[in-house]
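*Asks:* Listed here are the chains, written in short residue letters.
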Amino acid sequence: MNLTFALIAFLILASAVLAATRRDLIHSALLLVGNWLGVAFFYLWAGAEFVAFAQALVYVGAISMVVLFAVLLTRRMRTELPLLVATRDRVVSAVLGGAAVFGVLAVAVLRTPLDTNPAKPAGSVSMLSLGQQLMGPQAAAVLIVGVLLTVSLLGAVVLASSDADGKEGAP
Amino acid sequence: MNMLQACLLLSSALFCIGLVTALSRSNTILVLLGIEIMLNAANLNFIAFWRFSPAGSAPATGVIFVLFSIAVAAAEAAVWLALVIALYRHQQNIRLQEATRLKG
Numbered sequence: 001m002n003l004t005f006a007l008i009a010f011l012i013l014a015s016a017v018l019a020a021t022r023r024d025l026i027h028s029a030l031l032l033v034g035n036w037l038g039v040a041f042f043y044l045w046a047g048a049e050f051v052a053f054a055q056a057l058v059y060v061g062a063i064s065m066v067v068l069f070a071v072l073l074t075r076r077m078r079t080e081l082p083l084l085v086a087t088r089d090r091v092v093s094a095v096l097g098g099a100a101v102f103g104v105l106a107v108a109v110l111r112t113p114l115d116t117n118p119a120k121p122a123g124s125v126s127m128l129s130l131g132q133q134l135m136g137p138q139a140a141a142v143l144i145v146g147v148l149l150t151v152s153l154l155g156a157v158v159l160a161s162s163d164a165d166g167k168e169g170a171p
Numbered sequence: 172m173n174m175l176q177a178c179l180l181l182s183s184a185l186f187c188i189g190l191v192t193a194l195s196r197s198n199t200i201l202v203l204l205g206i207e208i209m210l211n212a213a214n215l216n217f218i219a220f221w222r223f224s225p226a227g228s229a230p231a232t233g234v235i236f237v238l239f240s241i242a243v244a245a246a247e248a249a250v251w252l253a254l255v256i257a258l259y260r261h262q263q264n265i266r267l268q269e270a271t272r273l274k275g
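Protein chains in written order, with the working numbering: chain G, 1 to 171; chain Y, 172 to 275.
The hints are simulated quantities; they were obtained by calculation from the structure and are not laboratory data.
Ideal placement from N, C-alpha and C gives every residue a C-beta, glycine not left out.
Label pairs and their computed distance ranges (CB to CB):
# : chain 1 : residue 1 : chain 2 : residue 2 : range
1 : Y       : Lys274    : G       : Thr150    : 31 to 37 angstroms
2 : G       : Gly146    : Y       : Met172    : 37 to 43 angstroms
3 : Y       : Ala213    : G       : Gly97     : 15 to 21 angstroms
4 : G       : Leu30     : Y       : Leu194    : 18 to 24 angstroms
Kindly produce the complete structure, drawing on both the sequences and the hints.
*Replies:* Right under this line is the structure:
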């Protein structure tokens with residue numbers, strides 16, 4: 001077992017577990033930034049540098065900022081609501097369901113004979129070939145993703161803006 | 172257990188942490204964060220299969236998959252947080268249990 005891989009796995013899993021169990025929303029969001037950084041380190045370890053930098057830019061840079069803005073815009077009262085009994089039941093059932101899913105996945109992964117090639121050196125795809133792939137055979141997909149991003153951002157602006165005549169929901 | 176199986180186990184554990192987060196929390200933003208954790212676990216799978224794939228397969232398919240997946244995840248996060256702000260404006264909090272206006 002690789003020591004670097006073990007360290008990265010520990011960083012990813014520990015930050016995810018801590019983020020899932022914090023009561024304060026700000027702590028969860030900041031710990032999730034650590035989780036996303038760990039995933040970027042995993043991409044670097046696996047030799048996909050471009051994906052690692054894209055992950056760092058998009059998740060650590062952009063999505064974390066959007067999440068923090070949403071947390072600050074929707075935080076009104078400091079006092080947390082008391083933990084209800086129904087909530088505790090839901091937590092227990094969610095943990096049981098998650099453990100069951102992990103058991104099924106782990107058994108499936110460990111029982112499957114996987115044909116691997118560990119001798120491949122890291123960094124086996126160059127930036128040049130990646131760009132040629134994206135602009136050549138995958139150009140239609142790049143255009144579709146651009147249209148999807150434009151449409152979803154316009155939709156987000158329409159959803160988040162208040163009504164023009166102010167008949168409902170003026171804060 | 173070889174390296175690919177270790178990577179798959181890591182992504183399985185990450186997926187289940189995200190699943191538990193999305194199912195157990197009542198705060199809408201934390202549910203979004205759980206879904207993002209699950210998306211990251213799927214991307215880890217793509218990269219792990221790309222890195223340890225047998226020789227002779229397509230050279231950059233996993234990397235391109237992950238790039239498109241990150242772009243779609245960014246769009247999803249933007250729309251979700253706009254929905255959170257709209258929900259907050261309508262009911263003054265973001266608890267999922269109280270968002271029952273469309274209930275029949």
